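**Student:** So the chains spell out like this:
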Amino acid sequence: MKLPKQFDFVILAMAFIFILLTIYMALIWRPLDTNFEAPYAQKIFYFHVPVAWVSYLAFGVVFMGSAQFLRTGQRHWDTIAFASAEIGVLFATFVILTGPVWGAAEWKVYWRWEDTKLTITFILWLIYIAYLVLRGGTESEDKARLAAVFGIIGFICVPLSFISSRIWYSIHPNVVATSSGSLSTESGMGLAAGVVAFTFLYMFMLRKRLLIFELNEKVQELKERIGGI
Amino acid sequence: MMPQAITIAQKDIKTEFRTREMIFSMVVFSLLIIMAFRFAFEFYLEESTAATVSEEVLPLVSPILWVTFCFAGMLGLLTSFAKEKDRGTLDGLMLVPMDRSAIYFGKVLSNFFLILIVDIASVVFFSLFFAFDYTGNAVPMFAVILLGTFGFVVIGTLISSISVNARGREVLFAILLIPLILFTILLPSITATSLALEGRIMDAQVELRLLGAFAVIYIALGYLMFNFVLEE
Amino acid sequence: MSMISIINLQKKFGRKVIINNLNLEVEKGDFLVLFGPNGAGKTTLIKILSTLARPTSGNVTINGYDMREKGVDLRASIGMISHNPFLYDDLTLYENLKFYSRMYGLKKDEKAIKELADQVGLLHRLNDSVGEFSRGMKQRAAVARAVIHDPPVLLLDEPYTGLDYRAWGMLSGMLSGFHRDGKTILLITHNVELGHSIGARLACLVNGQVSFDCRKMDVAMEDFKIKYQQEMEAQK
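First to last, the sequence lines map onto chains B, V and E. All letters in the first sequence, in the order written, are residues 8 to 236 by this note's numbering. All letters in the second sequence, in the order written, are residues 549 to 780 by this note's numbering. All letters in the third sequence, in the order written, are residues 290 to 525 by this note's numbering.
Keep in mind that the hints were calculated from the coordinates and are not lab data. Fair warning: there could be bad hints in the mix.
Unchecked claim - Listed next, the in silico DSSO-like pairs over lysine-lysine satisfying Cα-Cα at most 30 Å (straight line): (1) K215(B) with K150(B); (2) K562(V) with K403(E); (3) K50(B) with K150(B); (4) K225(B) with K305(E); (5) K633(V) with K317(E); (6) K387(E) with K305(E); (7) K633(V) with K124(B); (8) K305(E) with K562(V); (9) K403(E) with K633(V); (10) K633(V) with K505(E); (11) K305(E) with K215(B); (12) K301(E) with K396(E); (13) K359(E) with K387(E); (14) K505(E) with K317(E); (15) K230(B) with K305(E); (16) K403(E) with K387(E).
A quick note: this is a predicted structure, and the numbers were derived from the prediction, not measured.
Go ahead and model the full structure; you've got the sequences and the hints to work with.
**Tutor:** Written out as structure tokens, the structure is:
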């Protein structure tokens with residue numbers, strides 16, 4: 008993807024601006040939401056949720072990249088999938104770490120398996136860590152192909168797991184209302200700002216990661232030309 | 549394609565019964581797992597205030613059985629492809645003028661048959677170690693085990709074909725397979741089996757439908773993706 | 290029309306180019322021996338021809354069947370023998386042949402299988418486990434497996450590896466017989482004497498391309514050896 012350098016700068020700038028905006032909206036603009044037990048901790052919401060959504064986006068990109076790679080055989084699709092998986096796992100880790108922080112403050116419990124969203128994110132996280140383990144870091148064509156197959160299988164299994172746990176948990180009445188009740192428009196705006204912010208951040212990180220791959224390739228090429236290993 | 553799949557399955561089963569190495573290891577492994585669980589739950593069983601042995605063991609049956617099925621089963625699933633790949637016979641199968649998905653289906657059939665044997669052995673071992681009586685509920689329980697095991701084998705065969713090509717295949721296989729089956733196969737199976745053991749198999753309709761649906765989806769996935777795994 | 294037609298074949302592993310714009314035609318009934326040192330891409334080429342691997346670009350047509358579109362028909366037209374016999378050690382020779390006969394959709398009965406085993410001189414070991422066979426016997430059994438469906442084309446990848454002198458003779462005899470029967474044969478080896486004695490057409494595979502193509506009759510063994518050495522030096 009040959010886009011000018013300025014493009015990257017623009018993305019970074021947008022990410023920066025919107026993150027600042029999100030911070031402002033979350034911490035200063037929005038009043039303390041007294042519906043919640045721990046109003047201060049609730050502010051995490053404005054970061055936790057957008058990052059979760061963007062991680063799902065990242066995994067969706069892994070799925071598409073894998074499918075395109077298998078279909079066309081062009082390596083750059085596999086590279087996109089790999090980079091996206093790395094960022095996705097990173098974001099998902101953030102989600103899994105911040106969740107319990109909020110959970111402990113709000114529900115006095117670090118984790119609730121009954122909450123389908125938690126379990127889905129956790130499964131996703133596991134699946135894409137597995138993807139990364141499989142992909143390794145090697146240049147091997149074969150590894151890339153196998154990982155692509157798994158990338159597709161993994162992504163399909165997530166909605167399946169979701170359906171399954173939804174059904175399972177709805178039968179067994181331990182469910183308590185989950186995080187988002189009805190959203191006020193101001194909250195919605197804060198959330199939207201967060202989503203925009205982290206989407207830009209994801210795009211920036213993805214492009215940088217792809218650039219690193221490219222540079223790596225070039226280094227390898229040069230090494231071979233010189234005659235080293 | 550089906551005739552060749554069946555031929556492959558027959559070949560696998562014939563070979564296995566001649567050497568008995570795989571099935572023997574799997575059965576012994578399942579025995580050890582159940583034994584480990586027995587000792588692990590020693591304290592729990594001692595402290596239990598339930599009226600009868602059956603009552604106090606009942607909550608343990610389904611989870612322990614399915615964990616055993618999975619781990620002992622994974623051993624067999626991986627070995628099936630590992631042998632073909634390491635001895636080079638997989639190429640021989642790939643040379644046959646047929647839809648190569650027949651290899652996948654053939655393996656699913658033979659794996660299902662062999663793992664079912666291990667499942668039955670595990671059920672027997674459990675009954676011995678935990679002094680548990682399945683009376684009356686054995687048939688519905690087996691129905692669930694059949695369905696759940698089939699789903700497990702269908703996705704497990706595909707994933708094993710992937711992991712056999714990479715380094716550290718045993719661990720990789722577990723890492724790849726378990727997140728996928730946790731909620732799609734394991735959870736519904738365990739629930740349905742528990743309900744079956746309580747005599748309430750009819751309440752498990754949702755779980756059974758889920759298992760059926762996922763088995764179909766996994767077979768479709770296997771059929772579509774297997775060729776990509778094979779080619780070089 | 291050629292039996293085997295390779296057009297602009299290329300195979301890359303990552304950045305490494307193993308097969309580099311290969312063009313090769315083999316006429317029906319010809320016996321081509323391809324020489325090359327290790328790493329020249331010989332095994333890769335055979336794998337691609339037998340559809341066990343996919344090329345990066347280019348195309349292969351065998352017996353009129355395109356590799357990408359008519360892969361199944363192509364496989365029905367070839368028999369492959371490599372240093373791996375593709376046989377199940379735990380089954381007997383009879384069971385192995387019966388298995389492949391069913392896989393290839395043939396309905397060979399016991400008599401037909403016995404005949405096949407006899408053709409390769411293994412009738413007396415028909416009910417023995419293949420795992421117990423010597424290397425030479427396994428290779429002969431592999432030949433039986435490869436021709437079970439009477440394919441018009443044979444592909445051989447270093448079939449003489451690990452064989453003793455007597456087994457060489459038997460294998461060469463069988464291959465000459467197939468050649469006389471009109472089969473098209475492509476054999477890959479690094480053994481110059483053997484290849485020269487058995488082939489009708491000789492070529493070298495160097496740096497992923499074909500070089501020095503000639504008919505056996507036109508070049509004496511010693512000259513060919515020298516030429517081969519030269520080609521080897523040329524390999525990076």
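**Student:** Against each hint, give a clear statement of whether it holds in the structure.
**Tutor:** Cross-check of the supplied hints:
1. K215(B) with K150(B): With a Cα-Cα distance of about 23 Å, the restraint between K215(B) and K150(B) holds, given a limit of 30 Å.
2. K562(V) with K403(E): Answer holds: K562(V) to K403(E) is near 21 Å, not above 30 Å.
3. K50(B) with K150(B): It is violated: about 42 Å lies between the C-alpha atoms, which goes past 30 Å.
4. K225(B) with K305(E): Holds. K225(B) to K305(E) sits at ~14 Å (cutoff 30 Å).
5. K633(V) with K317(E): violated (33 Å)
6. K387(E) with K305(E): violated (41 Å)
7. K633(V) with K124(B): Since the Cα atoms of K633(V) and K124(B) sit roughly 40 Å apart, the hinted pair is violated (cutoff 30 Å).
8. K305(E) with K562(V): Not OK: K305(E) and K562(V) at ~43 Å, beyond 30 Å, violated.
9. K403(E) with K633(V): holds (29 Å)
10. K633(V) with K505(E): Roughly 38 Å separates the two Cα atoms, so the pair is violated.
11. K305(E) with K215(B): holds (26 Å)
12. K301(E) with K396(E): Distance ~41 Å between K301(E) and K396(E) Cα, so the pair is violated.
13. K359(E) with K387(E): Given pair K359(E), K387(E) holds - Cα atoms ~26 Å apart, limit 30 Å.
14. K505(E) with K317(E): holds (17 Å)
15. K230(B) with K305(E): Distance ~13 Å between K230(B) and K305(E) Cα, so the pair holds.
16. K403(E) with K387(E): Distance ~10 Å between K403(E) and K387(E) Cα, so the pair holds.
Going through the hint list in order, the structure does not satisfy hints 3, 5, 6, 7, 8, 10 and 12.
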